[in-house]
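Chains as they are written, first to last, in my numbering: chain R, 8 to 380; chain G, 5 to 275.
Calculated from the structure, these hints are not laboratory results.
One or more of the hints may lead you astray.
Claimed, not checked - Facing chain R, a subset of chain G residues (Cβ under 7 angstroms, in silico):
#1 Met34
#2 Ser166
#3 Gln167
#4 Gln168
#5 Leu250
#6 Glu252
#7 Leu254
To be verified - Computed footprint of chain G on chain R; a stretch qualifies when at least three of its residues, placed anywhere within it, have a C-beta under 8 angstroms from a C-beta of chain G:
#8 105–114
#9 328–340
#10 343–357
C-beta atoms are modelled at their ideal positions from N, C-alpha and C, and glycine is treated no differently.
For reference, the chains in residue letters:
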Amino acid sequence: MAWWVMNDDDMTGVRAEQRAAVGMSLHPGWLLRIVCAVAGLLVFILALNLLKEGARDYGRAMVALFNVTSPVSALGFGWLLAYMFLSGSPVAAIAIAFFAAGTLNSLQTFTMITGSRLGASLIVLVVGFFYYLRGHRRAASIAIGVLSLLTTAAIYLPAMALGYWALTSGFVQTIQADADAPLMSVLDWIYEPIMNAINALGLPGWAKFGAGVVALLMAFALLDRALPQVEPESNAFSRIGQLVYRPMVMFALGMAVTSVTMSVSVSLSILVPLSVRGLVRRENTLPYIMGANITTFIDTLVAALIVGGAAAFTIVLVEMVSVAILSLIVLLFFYDAFQRSILRLQDSIVRHRRTLAAFLVVMFIIPVILLAF
Amino acid sequence: MNLLIYAGPGPWRNEALATAAQFAGHVATMVILVTGGGMSNAPLLDDALAQLRLPPDVEVRRRVVEGTPQEAIMTVVDEMPCHLVIFGRFQRPLERLLPLRRSDALTRRLRSAVLRVHGPARPIRRILLASGGDQHTFATAGYTAQLAAPLGASITLLHVVSQQPIVFEALAPSVSDEATFLESQTPEATTLQQVAAWLRARGIAVAIRVRFGLVLDEILTELDEGDYDILAVGTHHAAGPLDRVLLEDLTGDLLDRCPRTVLVARRMPRS
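For reference, chain R alone in the conformation it holds in the complex:
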């Protein structure tokens, strides 16, 4: 019965052949990803230009319609817009476009970006809640959404205070720079003819703004397609569902993954192939979300560089650094207490349908109330 016996050399040969076959089949996939990445980036920049043009004509009307007159109302505005877009990144880009067009000031832009992140973290929860209401999903399935929202709020709100202080105290001087000095010179030769052609059509501001939003969503869809696939067997995080990783390791992983995906919810879904049954340990999730919450600003940072100039870049950087400082303080000094508090709160929210519904209602009401300030 030795016919099935295969020695190590044979196995090596077979594996090499398998690798070669897989490698060959991967080439078109990689090409497609590169094409998607380049196209996504080009559409992203076009979208930002359209948004900026649209915001110049239409932004003031929009801001007046929603009564965005203060940093607090801008926070609510960004939060609500993120609900509408089911994502935070387009809203943060819109905030930058508004700033570049002179529609929002620096503080309003800063708080609107914060609001966009808070709204974005609720999206995971809202989608899960609809599944839950359909009756065949357990409350546990939306726990990750609640966790994402609670973690984001617990870090972002104090970070917002820190950033607000940095921007208003004179600690950060670059904020005084001219918002109309964007770093577009390199890309001007590509986009100037396109924008001139669009302007020649005589489209109203709202149409350009709408086209910008559509282009922005297209850009993010293209960039999502460019994401590399995770191979669970070939990385150090293949046991994320079974073993407990160090918080700092998960924090760094969250930062690294989201610097590519640029979206916290996409980064969370990337954990799926790493876990055995689509489950991940509570201990691993929280620091991962904390890390993801920092590098999710990278696309906004790029947007700021492209259309907003140094001033917009500073605003986003202040936001990013504030969140990073708060996250590191928590991780290094209060992590156990923080983790316990957040998870206890999460459990109390998802335990009953009534508390979950109440939580969702409150989360919808808060940004509306903020708009009134």
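Position chain G relative to chain R; hints supplied.
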């Protein structure tokens, strides 16, 4: 089973000897009594032998080593491999804040199983075995059974579910109560049932508990609520240097925070 008992001076020496005395006579084929600090501590080994009340057929060896308790234990373990190393916690409560004289650091360095005694000595009646639900549980159960069987102690198998679905369409249904979990066909539930059956076959009373939440917190809560005498755990599955950097050392954390005696099991060495 070869036991190494540290009988030299230490804050929990008497408790360690009293705990070892409960089972050493039943399970030991050889007992190695060790002390650090040089020959001045040699009389402590005779005192320990008297406290242990070992049957005459158990071989006893004495070793006096210069240096700290940790150095003494490591020196002797290198000379004479043993199955279980028993010692009391070396640091007092305030000393735990210092990075020196950590019993968990010693536990990490040892390749044999460890019984780290802490707290007042109490009759071993109830043992809590914390299981990750994997095959390593059998090794932990093997050591735990050696202590429980001769003393008639019961074992509670505890598994903590800290997993949550990442997406709404979890590939396997998540469970949120003990009964559902144990009825599920998950590998963890199957392992727990198999280990329970294995222990029952050795005449040990077994219960299974499943808790939901953070692993460390739930183990310590169960230990407190169930008034267990010993906590039995395995070591984490660090396969190499990278794992040691990436993975949280839950066993080390438990040794730090656990107010009771902890049995840290490793794979039974082949005799």
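Exercise for the section: Please flag the earlier hints that this structure goes against, numbers listed from lowest up. Expected result: 1, 8, 9
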